[in-house]
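K.L.:
Order-wise, the sequence lines are chains A and B. Residues 1 to 296 (the working numbering) make up the first sequence, in order. Residues 1001 to 1320 (the working numbering) make up the second sequence, in order.
Incorrect hints may have been included.
Incomplete in silico selection of chain B near chain A, CB under 8 angstroms [stated by the list, open to error]:
1. 1044
2. 1049
3. 1063
4. 1065
5. 1100
6. 1136
7. 1139
8. 1146
9. 1147
10. 1276
11. 1279
12. 1281
13. 1310
Listed below are the simulated SDA-like cross-link pairs for lysine to any residue, each with C-alpha atoms no more than 25 angstroms apart in a straight line [as the list claims (entries may be wrong)]:
14. A:7 / B:1204
15. A:105 / B:1026
16. B:1118 / A:105
17. B:1124 / A:57
18. B:1310 / A:105
19. B:1124 / A:278
20. B:1204 / A:287
Simulated restraints, written as ranges between beta carbons of each label pair [what the hints assert, rightly or not]:
21. A:200 / B:1028: 49 to 57 angstroms
22. A:11 / B:1166: 40 to 48 angstroms
23. A:223 / B:1035: 31 to 39 angstroms
24. A:50 / B:1042: 41 to 49 angstroms
By construction, these hints were calculated from the structure, which means they are not laboratory data. A virtual CB, placed ideally from N, CA and C, is assigned to each residue, including glycine.
Read off the chains here:
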Amino acid sequence: MKQKTGKTVRENRLFNFLNLALLVVFTLIVIVPIWNVVVSSFTSSTALADGHSIFWSQDFTLQNYQKVFADTSIWRAFGISIAKTVVGAFTHVLFCAMVAYGLSKKHLVGRGFYTRFGVITLYFGGGMIPYYLLIRSLGLLDSFWVYIIPGMLSYYDVIILMNFFRDVPASLEESAKIDGASDWTIFTKIFLPLSKPALATITLFNGVAQWNDFMTAKMFITNQNLYPLQMKIYEIIVQSQTKGFDNAALTNSVVQSSSKGVQLATIIVTTVPILVIYPLLQRYFISGMMVGAVKE
Amino acid sequence: MKSERVKRPAKMWKQKFTEKALKFMAQWRLQGMVLPGIAFMFIFTYIPIYGVIIAFKHYTITDTIAGAPWVGLDNFKVILGDRYFMEAVVNTLGISLLKLAVGFFIPVILAIMIFELKDGPFKKIVQTISYLPHFLSWIILGGMLISWLSTSGLLNQLLLGIGLIKQGNNHLLAANQYWLIAVLSDVWKEAGWGTILYLATMAKIDPTYYEAARIDGATKWTQITQITLPFLTPIISLNLILNVSNLLGSNLDQTLVLMNSQNSAKSEVINSYVYRMGLTQGDFSYATAVGLGISLISMVLLLITNTVTKKMNDGESVIF
């Protein structure tokens, strides 16, 4: 018996050691490539070409960043990204909350029909081309509002909020009604403040999606002044990769002057907001993931 | 007697309708909050569903959807003889299956490994770092990949460093490496995030099971195979089945950013093909037909998997 326990202890020690070692390796696999991009963005193009700056820069320079910040179109794209993220996330969460509030009331006439109407949108859609034709006929092509309006409602988020609103004690609403409060007042003064955690989670997820979204711009925007950062990066990277740096036919100033270092500096500038926000709000992201999973 | 019988339900129906209408009017504030949402869904989901009829028409950019001439199944007949479409199907299936084979169990293993760590700063750091790539967009990751895989990039430097290769080359230009790049980059991005669901399931396991196992002298390995894994099995199989029903799904963002003229024969997937045919080349009807065909096949896959999950889940559907 004693011997067996000793063997177990030894085996468990070995297990813990291996587990720890493998997780360290895994963490390095995630973090080293990202670190490499950060290092490269601070390295001169000549040093990048001979490729010895893996963990530490061989020729430290701020030039790449100076070039990025000197480009007014990048600043402009930054502004568009911030505007679409802030306006998009807030209109989305408020619209979803408003619809969810109405739908959470059992006495709502037509509630059964409305919810079935909504659930269908979770499983069916027209696909890419009919959607494009709709956006075109709505006159949203090459308009800033294409980032905002089509994304204002997701029935998935409506379901999450509806479940949240149902948990608000009915007595709160009843006493407010006795005091003569209207549905709208009850919604804005009682339900919204009580649902802050759910609203925050949905706002965050939608905000990250807005910040990271590039398909909307790729499909619906041709006016470069309306490009968000992600689209700008796509343009810089893909065009410089396919056409080569020397191609004089390229008209865009960034594309022409972009070396690998400048591309990577743009990538870092675009990622920093996420890198700053994510660790601070990690808790909300994970709880949001769980809320979604429970629904599934 | 007979006439009365017919009349009465009609009267009741009328009365019921008036009641409902009055109630509807009385709650106009509430209705006013819901109806904009219904109108929104009608416009942005139901109108495009109606727009799918252009798959059976010959639609050009100057037509209206209703006014375009019908062509029956002509567009679908073209699909069957389309070599590039078949190529896209093979690539989509190849990448999806490889993703399933390589990527599916990594989050499970990773979750168990994290679960076995003692609570503390190291566990927190591992979790924070492993979730991080999920929040990078495919454009950002694509740009990073282009840098890592370039001739003088990270991968070649590491391979040169350990002496596996003599000379660096650009891996994204090698078509036969594309599937692997697509799969591994996706796994790298989502493996950590995929652990959350499993970690949450494991958090619900009663700790007394493990205590009892420890007293009996069970090794960690035995605890994992005898306690943890049986608890995880239902959610693992559910996840696996959902993955199977999405075999024809492909990642458009990833493809658009990693595709180039050298690897396009291996990187074109169904989504990017629809995108290219429809929005780049303007063949709207054909692209819609391709999309519709794929949706129908996916729906059949979903229905099959739903039947299977129902059997596994005591007759209760987990998808619908």
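K.L.:
Could you run down the list of hints and mark each one as holding or not?
P.N.:
Hints versus structure:
Below 8 angstroms, beta-carbon pairs count as interface contacts, and residue 1044 (chain B) has one with chain A at about 6 angstroms; its hint therefore holds. A hinted interface residue such as residue 1049 (chain B) counts as satisfied when its beta carbon comes closer than 8 angstroms to some beta carbon of chain A; here the least separation is about 5 angstroms, so the hint holds. For residue 1063 (chain B), the interface hint is violated, since its Cβ never comes within 8 angstroms of a Cβ in chain A; the closest pair sits about 10 angstroms apart. The beta carbon of residue 1065 (chain B) is positioned within 8 angstroms of a beta carbon in chain A (closest approach about 7 angstroms), and the interface hint is therefore held.
Because the closest C-beta pair between residue 1100 (chain B) and chain A is about 19 angstroms apart, greater than 8 angstroms, the hint is violated. Here the hint on residue 1136 (chain B) is kept, as its CB sits about 6 angstroms from the closest CB of chain A, short of 8 angstroms. With a cut of 8 angstroms, the hint placing residue 1139 (chain B) at the interface with chain A holds, because the nearest CB-to-CB distance is about 5 angstroms. Interface hint status for residue 1146 (chain B): upheld, as the beta-carbon distance to the closest one in chain A is roughly 6 angstroms, under 8 angstroms.
Interface hint at residue 1147 (chain B): satisfied, since its Cβ lies 6 angstroms from the closest Cβ of chain A, which is below the 8 angstroms cut-off. The interface hint given for residue 1276 (chain B) is broken, as the beta carbon of that residue sits about 11 angstroms from the closest beta carbon of chain A, more than 8 angstroms. Interface restraint check: residue 1279 (chain B) against chain A, minimum CB-CB distance 6 angstroms, threshold 8 angstroms, status holds. The interface hint given for residue 1281 (chain B) is violated, since its Cβ lies 12 angstroms from the closest Cβ of chain A, which is over the 8 angstroms cut-off.
Evaluation of the residue 1310 (chain B) hint against chain A yields a violated restraint, the C-beta minimum of about 15 angstroms exceeding 8 angstroms. For the suggested pair residue 7 (chain A) and residue 1204 (chain B), the alpha carbons sit about 29 angstroms apart, so the restraint of at most 25 angstroms is broken. Of the pairs offered as hints, the one joining residue 105 (chain A) and residue 1026 (chain B) holds, with about 14 angstroms between alpha carbons and a cut-off of 25 angstroms not exceeded. At most 25 angstroms may separate the alpha-carbon atoms for a hinted pair to count; residue 1118 (chain B) and residue 105 (chain A) exceed this at roughly 45 angstroms.
The straight-line distance between the Cα atoms of residue 1124 (chain B) and residue 57 (chain A) is roughly 29 angstroms, outside the 25 angstroms bound, and the hint therefore fails. Restraint check for residue 1310 (chain B) and residue 105 (chain A): the C-alpha separation of about 31 angstroms exceeds 25 angstroms, so the hint is violated. Between residue 1124 (chain B) and residue 278 (chain A), the direct Cα distance comes to roughly 14 angstroms. Compliance with the 25 angstroms bound is thereby established for this hinted pair. Note on residue 1204 (chain B) and residue 287 (chain A): the hinted pairing holds, with a Cα-Cα distance of about 15 angstroms set against a maximum of 25 angstroms.
Separated by about 31 angstroms at the C-beta atoms, residue 200 (chain A) and residue 1028 (chain B) break the suggested range of 49 to 57 angstroms. About 43 angstroms separates the C-beta atoms of residue 11 (chain A) and residue 1166 (chain B), a value consistent with the hinted range of 40 to 48 angstroms. Evaluation of the 31 to 39 angstroms hint for residue 223 (chain A) and residue 1035 (chain B) yields a pass: the beta carbon distance comes to about 34 angstroms. In this structure the supplied range 41 to 49 angstroms is violated for residue 50 (chain A) paired with residue 1042 (chain B), their Cβ-Cβ distance being about 59 angstroms.
Violated hints for the displayed structure, listed by number in ascending order: 3, 5, 10, 12, 13, 14, 16, 17, 18, 21 and 24.
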